[in-house]
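Asks: Single-letter residue listing:
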Amino acid sequence: GNSVTQMEGPVTLSEEAFLTINCTYTATGYPSLFWYVQYPGEGLQLLLKATKADDKGSNKGFEATYRKETTSFHLEKGSVQVSDSAVYFCALSEGSSNTGKLIFGQGTTLQVKP
Amino acid sequence: DGGITQSPKYLFRKEGQNVTLSCEQNLNHDAMYWYRQDPGQGLRLIYYSQIVNDFQKGDIAEGYSVSREKKESFPLTVTSAQKNPTAFYLCASSIVAGGLNTEAFFGQGTRLTVV
Chain A
1 GNSVTQMEGP VTLSEEAFLT INCTYTATGY PSLFWYVQYP GEGLQLLLKA
51 TKADDKGSNK GFEATYRKET TSFHLEKGSV QVSDSAVYFC ALSEGSSNTG
101 KLIFGQGTTL QVKP
Chain B
115 DGGITQSPKY LFRKEGQNVT LSCEQNLNHD AMYWYRQDPG QGLRLIYYSQ
165 IVNDFQKGDI AEGYSVSREK KESFPLTVTS AQKNPTAFYL CASSIVAGGL
215 NTEAFFGQGT RLTVV
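Just so you know, the sequences run in chain order A and B.
FYI, in the numbering used here the residues of the first sequence are 1 to 114.
FYI, in the numbering used here the residues of the second sequence are 115 to 229.
Wrong hints could be hidden among the right ones.
Claimed, not checked - Simulated crosslink set (DMTMM-like; lysine to aspartate or glutamate; CA at most 25 angstroms straight-line):
#, chain 1, residue 1, chain 2, residue 2
1, A, Lys52, B, Asp144
2, B, Lys197, B, Glu176
3, B, Lys123, A, Glu42
4, B, Lys123, A, Asp84
5, B, Lys185, A, Glu94
Said to hold, decoys possible - Quick look at which bits of chain B chain A covers, simulated, 3 or more residues with Cβ under 8 angstroms:
#, segment
6, 174–182
7, 185–194
Calculated from the structure, these hints are not laboratory results.
Think of the CB as a built atom: it goes at the ideal place given N, C-alpha and C, for glycine as much as any other residue.
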């Protein structure tokens, strides 16, 4: 079945460091890919998305490129801030259906220190 | 402002009780979903509904029930049959039309604790 695998956390960085959170997926067909962010005690917010191969999603300095050849959707940011501290989830929506169901990775906690 | 409202934010349940979590959306979305989140794990799908008066089981539906009598509302009941209900519950909605995979919008969550 379809699945998403993220790098384990927590990831601890100093402010202004470069961030990469790895995400790989297994899916049939052509899924859409998403990154969501969750701040403590809150729901999930969409950070960025990509709907087809080679698409790059970007938002708030974060980027991720849909790589079909490596089945990856790694999240990157050039210079993190303390306010980026949160849990990040990679997810896919199955391309062959129109149910909108999401399959999530286990989440990666990011801690940014001043 | 459009969005998804979950209530209550915190809920305590005694052993053997049924409890109902509320989820309301004013985004005019057709599809609604319930996910469960446990510490250190991703979200798992409990139930989903693509249209009023219809819903389907997700991956972990046992011990839960839902209804979809109105487009705006998708309440989740955690029954006494759910053996480990302590978790963070998230409701979401999305536009689903013609195969487009649009993003889901999430509520703020309900934290359920069994006491």
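Asks: For every hint, state whether the structure bears it out.
Replies: Hint check results:
1. A:Lys52 x B:Asp144: This hinted pair holds, its Cα atoms lying about 24 angstroms apart.
2. B:Lys197 x B:Glu176: holds (9 angstroms)
3. B:Lys123 x A:Glu42: With a Cα-Cα distance of about 10 angstroms, the restraint between Lys123 of chain B and Glu42 of chain A holds, given a limit of 25 angstroms.
4. B:Lys123 x A:Asp84: holds (24 angstroms)
5. B:Lys185 x A:Glu94: This hinted pair holds, its Cα atoms lying about 23 angstroms apart.
6. 174–182: violated (count 0)
7. 185–194: violated (count 0)
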